[in-house]
Every structure is written in C-alpha cells, then in structure tokens.
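*Asks:* Order-wise, the sequence lines are chains A and S. Heads up, the first sequence is in this note's numbering, so the first residue is 1 and it goes up one at a time. Heads up, the second sequence is in this note's numbering, so the first residue is 1 and it goes up one at a time.
It is worth saying that the hints were derived from the structure and are not from the lab. You may find that some hints are simply not true.
Said to hold, decoys possible - In silico lysine to aspartate or glutamate, EDC-like type, Cα no more than 16 Å apart, as pairs:
#1 K19(A) / E222(A)
#2 K99(S) / E56(A)
#3 K111(A) / E183(S)
#4 K19(A) / E61(A)
#5 K13(A) / D53(A)
#6 K63(A) / E125(A)
#7 K99(S) / E120(A)
#8 K183(A) / D195(A)
#9 K84(A) / E164(A)
To be verified - Pair ranges (Cβ atoms, derived):
#10 E120(A) / R164(S): 57 to 65 Å
#11 W182(S) / H203(A): 31 to 39 Å
#12 R273(S) / R141(A): 49 to 57 Å
Each residue gets a CB set at the ideal place from its N, CA and C atoms; glycine is no exception.
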Amino acid sequence: MAIEVQNLNVHIKGIHILKNLNLTIPEKQITCVIGPSGCGKSTLLRTLNRLIDSTEGVRLEGKVLVDGTDIIGSGPEITELRRKIGLVSQRPCPLPMSIFDNVAYGCRINKMYKRHRDLENAVQENLRAVGLWDEVRGRVRTPAARLSIGQQQRLCLARSLAVEPQYILADEATSALDPISSKTVEDLFVSLKKDYTIIMVTHTLRQALRIADNVVFMYLGEVIEAGPAQEVFNSPQQELTQKYLSGVFS
Amino acid sequence: MKISKSKRIEEAVFKVLMWVAMGIVFAFVFSVIWTIFSRGVKAMSWDMITKLPGGGFYIGKEGGFLNAIVGSLYIVGASTLIGLLVSIPVVFYLNVYRKKGSRLAYVARLAFDVLFGMPSIVYGAFGFTIMVYFGLRASLLGGIIVITLLIIPIFIRSMDEASRNFPRDILDASYALGATRWETLRVVVRQIAPGIATATLLSIGRAIGDAASVMFTAGYTDSIPTSLSQPAATLPLAVFFQLSSPIPEVQDRAYAAALVLTIIVLILSIGGRFITNRFSKNKL
Chain A
1 MAIEVQNLNV HIKGIHILKN LNLTIPEKQI TCVIGPSGCG KSTLLRTLNR LIDSTEGVRL
61 EGKVLVDGTD IIGSGPEITE LRRKIGLVSQ RPCPLPMSIF DNVAYGCRIN KMYKRHRDLE
121 NAVQENLRAV GLWDEVRGRV RTPAARLSIG QQQRLCLARS LAVEPQYILA DEATSALDPI
181 SSKTVEDLFV SLKKDYTIIM VTHTLRQALR IADNVVFMYL GEVIEAGPAQ EVFNSPQQEL
241 TQKYLSGVFS
Chain S
1 MKISKSKRIE EAVFKVLMWV AMGIVFAFVF SVIWTIFSRG VKAMSWDMIT KLPGGGFYIG
61 KEGGFLNAIV GSLYIVGAST LIGLLVSIPV VFYLNVYRKK GSRLAYVARL AFDVLFGMPS
121 IVYGAFGFTI MVYFGLRASL LGGIIVITLL IIPIFIRSMD EASRNFPRDI LDASYALGAT
181 RWETLRVVVR QIAPGIATAT LLSIGRAIGD AASVMFTAGY TDSIPTSLSQ PAATLPLAVF
241 FQLSSPIPEV QDRAYAAALV LTIIVLILSI GGRFITNRFS KNKL
C-alpha cells in the first residue's frame, strides 16, 4: 500500500478539522476524494505533503505512512517528502519566470542534472508528457504568465512531474478551466496513473465517475465511506453517501 | 439619451473643477522646472560640474561645485546599498517567515510607519546627538549613517506594500516542489523586483534631496572627502548656502546646483522605469 493514514486528527486554531481519519490509498491508481465544501478534502491533501505546516495554529496527530515512513512528527526531511509528492493546485500558479525555467526550477533546486543538455531534455520531455511541447516549442523562453489558463495548468503539472515524484496530489485541478482544457487535463491524469499514484480532490461527481478507481467520501471532517469506485458509486453502504450521490445535498 | 438639465450642469461644473485642478498642477510643475532651468542655465558651465570651489567661489569668483556632486553621490550610493541590505531581509521576514496576522509584524509595520513620517531634521538631530556622544565630527560616515536611517523606513514600507499583494500560491507552488524557504525567497525576489526598483528610486530621491539631515552630520567642505572621517559636501546644502548669499551670481549658481540635482533624479527615474519594465516581464 502506498499511502496509509491512521487515526489522523488535524486541529487548526483549536477547531477539529479532520476527525480520526483512516484510509489506504492504493498504488498507481486514481483515488478521488469527494464531499461537500468545507469537509476537509483540501486539508487532507495539504497534510499529505505537509504544506499544512505553513498554516497558523495547526496541530497534527496520528500517523500518515508514505511508503512505510511516518511523515507526521519528525519524520523524513520535509523537502524530500514534497519532492516525492507533486501538487497541482486549483488555480494554476506558474512561477514568475519563463516557461522553460518553470519546469527547470524543481530540477535545479534539487540539483538533478549536472549538464545543461540533460536539463533541456528533461524539460522537453515533461512538456511533451503534458502535451504542451508542440504548443510552446518556439517560445519556451517567454514568460509563463502569458499562457492561457489551461496551458498554465498543464505547465504546472509538467513542473511537478519534472522532479520525478511518485505521487500527484490534485486539488480540484480542473475547476478553473474551460471544458476543453478540463478534458485534456483529465485525460492526462488517466494516462499518468500507470506511473504515478494520483490523489485527486474533486467537486464534480461526474469527473470522479469518469476517472476514479477509488473513491473517498468525506463529510464534516470524517471519512464516511471509502473503497473501489464501482462499489461506492453503485452500491453505497452509508445513507449519507447515497444522499450525496443522488444530489440531495452538495 | 436624454439627460436632465440639472445633471448636465452638475457634470459641467465638475469638469471645470477638474480642468482647473489639472491646470494648477501643470502650471506648478512647469514653473518649478522653468525657474530652475532659466536661472540655473545662466550660471551653468562645464567648470561648475568639473571643478572644486576656488578661492572666492562664494563671492562669485571661479570654481565649481564638484565637491557637492561627488559628496552627494558618495552618501546616496553608500546609504542606498546599506539600506537595501538591511531592508530586504526585514521585508522577507515580515512577509514570508512570519505567518499571516502575526502580532510582531503588526507592531513592526506600525513602527516603520512612524519612522516614515518623521521629519528629516529629527533624524539629523538624532544623528548629531549620537555623534557627539561618540566624539565624532561631522563626516562622510555620519552623513551615510543618518541618510541610511532616513531611507530604511521608505525602503521597507514600499517594498512591504509590493510584497503584500504577492500571491501566496507561489510560495506553496515552490514549497511543493521541495524548495526550502531560502530557495523560495529567490522566486519572491523575481516577483517583487519591480517593487524593489520603485522603492530604491523613492529612497534615492529622498536621500539625495535632503538637506536637514546632513547639515550637522556630514557637514560641508570645499574638497572631496578621501576618507570616511572627513566631512562631505552635498548638493542640497550647496543650494542652501549659495542661495543665502546676497550676490546674484552666487544665487544663480544655487540654481545651477538645483538643476544638477534635478537632472540626476530625472536620469535615475527614467533609468529605473526602464529597468523595472525589463524586470517585470515575467511578473504574474
């Protein structure tokens, strides 16, 4: 098992955000986390790569095992952990530099390549992987901020892939995109799951239906139901899950 | 579309008011520039900016105010550099290391606001007291220290403004790639580079034009200082002293000094704009 969450509790400024979470996230599959706004989906994601550390007044309890190592408490070097777990956020956020430098940034800070030639190849390869290379090949030295939103989101994905992570966290990665870009990014995730373990927070049930192998349904900071997508969608065990899936609340 | 008469009158009145206000501002700017140019150009010559004051310069004999130009550049250059070195870490600390809503950051910002608003003569008096305490004379070093103190709040406040609108997502994006805070800082610098440039220009403008703070701390001399402990002349004081003279030729030289001051500031502003534009091309 790739990621295992055991009795995870997260408090922020005394408010209990995540309540006794227990989860296993299987390797090389897409796990979708669904649930209404404010149920703790994003907090869960931010805990997995410890980005939550920059939130004020946060307290973590329990265990999160990534490849068998507990990342709560002292755990491994935090930069190592984050390198292993890529993040694609809701709104694309290119760094204030050129397209090339955006992808090269992670490689550079992690000192992955000695020769510039290798770095160039890696950048090209990752831009290809997200289908952006052909669109930007002539202008990789121009500012990333000039790309369209959909392109920026794919660039962010390429940037994450460039540091060779094993996991990808996506926080509503398609919600700010137009339908066509959204479809492109979604297809990308499906094609990436053969190499990566993907954990995706999504607001659109239909998206979860289309691409999820596993589903985690959260409500008010608790995991209500989790399991293979077919089972959760077709025969939900909990009443809350049934109601949510049938659109009684959202 | 039909507009009622009263509305039309209202609009006309406001239009006239805006025109008048604009006119006053423009007239003001042009008359300042005109005065400086017309009187300054009369006394302006190659000698003025390449020679030191000769004997009897201040009663209209030959020489120039190179001492003041060089003194001003020394003081402003050094204090801008030191000011930047001190302010940038402070701004980063407030915006990146402290979490949002930090009490310390609040108190620090308040303190810088107070310092920002303090008149320069107060800085001068403060610097003078300190120097007397340590037994220092008016010197280049004293001028540099006081001007540095004077511009640090300007640096910090204007860079702080620029970094507060900074999208925090960038921080997360950088951290998520495994960057440390130090590595992330370099990304922050790229984003706020235009802010830093603007802050530097504002600070230089204030530093080069201030007379009150350097009067007692840097002093005035007819030669170019060769060590930090020697007094240094500055352009604003060159204007001040020559303008107090009853001799018209000497007064004109004050305007020539003012002209040089204005041109330096103008060059810096235009150069700064140019650099800012180049830097901000990657900005989000």
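*Asks:* Which hint numbers doesn't this structure obey?
*Replies:* 6, 7, 8, 10, 12
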